[in-house]
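Asks: Here the structure of chain A is known, so what remains is to put chain B in place on it, guided by the hints.
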Amino acid sequence: MLRNFKVLTPASLNEALYVINNIEQPFRFLAGGTDVLVRLKDNPAYAQALVDISKIGELAKIEEHKSTFVIGSGVRHEALLAYGPFIENYNGLIEAVAAIGSPQIRTLATVGGNIGNASPAGDSIGPLMAFDAEVELRSQDSNRIVKLEDFFTGPGKTVLKHNEIITKIILPKSDALKSGWKRLGQRRAVAISKVSVTLALGFVKHSNGSDRIADVRIALGAVAPTVIRARKAEKFLLENQTLTKAVIKEACGLVAREARPITDIRSNTEYRSEMCGVLLGDLIEKLACAR
Amino acid sequence: MPNRNFTAENLKLKDSIDICFKLNSREVNIKVPCTYTLLDILRYELKHTGTKEGCGMGECGACTVIMDGGIVNACLVLSTAVSGRDIWTIEGVSAKEDAKPIIDAFVAKTATQCGFCTPGMVMASYYLLSKYKDPTDEQIQEGLSGNLCRCTGYAKIIEAVKAAARELNGAKKEARDA
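As they're listed, the protein sequences go chains A and B.
According to the working numbering, the stretch in the first sequence is residues 1 to 291, in order.
According to the working numbering, the stretch in the second sequence is residues 1001 to 1178, in order.
A few chain B residues that face chain A, going by a derived Cβ cut-off under 10 angstroms, partial list only: (1) 1005; (2) 1015; (3) 1145.
Just so you know, the hints here were simulated from the structure itself, not pulled from any lab data.
Note that the Cβ used here is the ideal one computed from N, Cα and C, for glycine as well.
Isolated chain A, as found in the complex (with noise of 0.2 angstroms):
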């Protein structure tokens, strides 16, 4: 049985900002609850008091704009999961997600939930930032935009101030990117990536009816101290345009080498680093052909 820690409930958006802003013992926040209410089991010091946050409804909505959609930190997995717009549009964002922990986890889990946890191998991460997603953080007296890849400073660990919550995930349209995930863990349900990849790409049409490469996002997860993207693989494969066998195995070598994983009770540094490679190849494949 859980023991020794207070909770503060606050009610709306701007409760919640008031108490963290005058809060005096360290605190956590409640929002899926999936991820802390473990660790204070495993260790009761994880927080002396809980700031709940899983009830504040003006967080749990998922709006349309322009050339945005705007995901509530509060949104549970299963909501994102049943969003239209994002299974027409967002494969990699649905591969992801559906993947993560059980049906029962994904009732409860949140987005910010993922994201703030800041684990390495947070599954809905690499996708959105793939997408190139910002955060929305805000604190009583401020309010700032910045960008998803920006946000992780190494495991658990971000730029998010104690007075701040993430309120927002901005998430550009992007209806030209065709994307697909792809993870490795010890099983199918229930398990901790040992390495996972998202890859979007956008083609358009050559003058000589072939298609070329005209956008590529890769992002890697469960290998480096926070989720990043694969910058050189992303600009070879835009450099060469045409996907190629030699190409493809070059882009495959290149991720494997952007890679920096340790070795954990997960898996090995070398291991990793390989799939890294393996699992490209597969989104390549899939996503090529399934146009």
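Replies: Frame of chain A; chain B shown alone:
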């Protein structure tokens, strides 16, 4: 009060909380320690012991309940998040007409051995069959992917879900034909 729209109670660090929620369609009002999870409230305060505690960490699904129409691990819902929710446990669901074929199929197909995972399995199956009338093997596997069974090895559980789906569809057809 910094803002007249604020509620003083919401701004205080609390050890215990008064909560009000619906359990199997009955209203429950109770004061509990904040550190309690929904699972603790069900088992220790309300003596609804059909919901089991396995791992207590969201891995095994033995504590699966339905909250606001979706399945959740009761061990991962903190007391403060319970107020206002509509909760269904195995005690409530097993009394429902459309859950009977699922429970009967688990018995008929010997999909239980020690029985510890069974309430959670039935809850996840009940939710699955409310979403898919005639689920594929893959949909069943995905639907039960948050529930561990250490005895039967799943084959019989999947058979039971399929048998229950047939029974439920047959019952509906009979009702239509009558």
